[in-house]
Amino acid sequence: GAGVSQSPSNKVTEKGKDVELRCDPISGHTALYWYRQRLGQGLEFLIYFQGNSAPDKSGLPSDRFSAERTGESVSTLTIQRTQQEDSAVYLCASSFTDSGALEQYFGPGTRLTVT
Amino acid sequence: DAKTTQPTSMDCAEGRAANLPCNHSTISGNEYVYWYRQIHSQGPQYIIHGLKNNETNEMASLIITEDRKSSTLILPHATLRDTAVYYCIVRVLSGSARQLTFGSGTQLTVLP
Numbered sequence: 001g002a003g004v005s006q007s008p009s010n011k012v013t014e015k016g017k018d019v020e021l022r023c024d025p026i027s028g029h030t031a032l033y034w035y036r037q038r039l040g041q042g043l044e045f046l047i048y049f050q051g052n053s054a055p056d057k058s059g060l061p062s063d064r065f066s067a068e069r070t071g072e073s074v075s076t077l078t079i080q081r082t083q084q085e086d087s088a089v090y091l092c093a094s095s096f097t098d099s100g101a102l103e104q105y106f107g108p109g110t111r112l113t114v115t
Numbered sequence: 001d002a003k004t005t006q007p008t009s010m011d012c013a014e015g016r017a018a019n020l021p022c023n024h025s026t027i028s029g030n031e032y033v034y035w036y037r038q039i040h041s042q043g044p045q046y047i048i049h050g051l052k053n054n055e056t057n058e059m060a061s062l063i064i065t066e067d068r069k070s071s072t073l074i075l076p077h078a079t080l081r082d083t084a085v086y087y088c089i090v091r092v093l094s095g096s097a098r099q100l101t102f103g104s105g106t107q108l109t110v111l112p
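So the sequence lines, in the order shown, correspond to chains P and U.
Here the first sequence is numbered in the working numbering, starting from 1 and rising by one per residue.
Here the second sequence is numbered in the working numbering, starting from 1 and rising by one per residue.
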């Protein structure tokens, strides 16, 4: 079946602009995660959804970052007034249930470049 | 979550078995051992997990020592496509935090 998909695959934006990143999880996966990975660095957790609610937003780096999920499916991560330090690969993952949280299936990521 | 220690890098000849070690001497009884890998420019990929018994799937085998203080991921016939950073993660299955936290992992290079 189809894996996790993300769009766009690449996004170049000017500093100060808003961007919206999309994630389509694997069908039937109730849990969804957003991570960020800066060049040459490890994964940085941003936010986690169980269904349409977000029990853990602890990783969102500032109030410029927000995310939502509708219909227990698609999720969007929005970054307002982008800064150069926001440049990174944004990865989305999903898992079948909350209890199986560590078997996460990742999408290919969106490479964001803020100029 | 228990701390893990992995070698920084390893080489393996194509077609041979790749054995990747992980030390987790502070592991507690309800913590699982998970392995993921990340091929360059791709998202991480789940490989396998286990609690105390050895596990095998279509990708790899996981050998956990009897005292659970260390484990080894085995890729039985490594190919060039297995070149990646391999991460060993130890943590409980439940709990309020759901995110994965990767350490620095082992860079496996499969040589032709």
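Hints are computed from structural coordinates only; laboratory data are not their basis.
A virtual CB, placed ideally from N, CA and C, is assigned to each residue, including glycine.
A hint or two may mislead.
[Stated by the list, open to error] With a Cα cut of at most 35 Å, we get these calculated DSBU-like pairs of lysine-lysine:
#1 U:Lys-3 with P:Lys-57
#2 P:Lys-57 with U:Lys-52
#3 P:Lys-11 with P:Lys-57
[Claimed, not checked] Quick list of simulated restraints, FRET-style, between CB atoms:
#4 U:Ser-28 with P:Ser-53: 23 to 31 Å
#5 U:Ala-13 with P:Glu-68: 34 to 42 Å
#6 P:Ser-27 with U:Asn-57: 19 to 27 Å
#7 U:Ile-63 with P:Gly-28: 28 to 36 Å
#8 U:Ile-74 with P:Gln-80: 30 to 38 Å
#9 U:Ser-41 with P:Glu-20: 55 to 63 Å
#10 P:Lys-17 with U:Ser-41: 40 to 48 Å
#11 U:Ile-63 with P:Lys-17: 31 to 39 Å
#12 U:His-40 with P:Ser-62: 25 to 33 Å
#13 P:Gly-3 with U:His-40: 15 to 23 Å
#14 U:Gly-29 with P:Asn-52: 31 to 39 Å
A quick look at each hint next to the structure:
Of the pairs offered as hints, the one joining U:Lys-3 and P:Lys-57 holds, with about 24 Å between alpha carbons and a cut-off of 35 Å not exceeded. Straight-line distance between C-alpha atoms of P:Lys-57 and U:Lys-52 comes to about 32 Å, which keeps the hinted pair within the 35 Å bound. About 24 Å separates the Cα atoms of P:Lys-11 and P:Lys-57, which keeps this hinted pair within 35 Å; it holds. Checked against the given bound of 23 to 31 Å, the beta carbons of U:Ser-28 and P:Ser-53, roughly 29 Å apart, stay inside it.
U:Ala-13 and P:Glu-68 have their C-beta atoms about 48 Å apart, which leaves the hinted 34 to 42 Å range violated. Here the CB-CB span from P:Ser-27 to U:Asn-57 is close to 22 Å, well matched to the stated 19 to 27 Å. A hinted range of 28 to 36 Å for the beta carbons of U:Ile-63 and P:Gly-28 is consistent with their spacing of about 32 Å. About 46 Å separates the C-beta atoms of U:Ile-74 and P:Gln-80, a value inconsistent with the hinted range of 30 to 38 Å.
One distance hint, 55 to 63 Å for the beta-carbon pair U:Ser-41 and P:Glu-20, is violated here, with the actual separation near 23 Å. For P:Lys-17 and U:Ser-41, the Cβ-Cβ distance of about 25 Å falls outside the hinted range of 40 to 48 Å, so the restraint is violated. With their beta carbons about 50 Å apart, U:Ile-63 and P:Lys-17 fall outside the hinted range of 31 to 39 Å. The hinted window of 25 to 33 Å between U:His-40 and P:Ser-62 holds, with their beta carbons roughly 29 Å apart.
At about 18 Å, the CB distance of P:Gly-3 to U:His-40 agrees with the hint of 15 to 23 Å. Between U:Gly-29 and P:Asn-52 the beta carbon distance is about 35 Å. The supplied range of 31 to 39 Å therefore holds.
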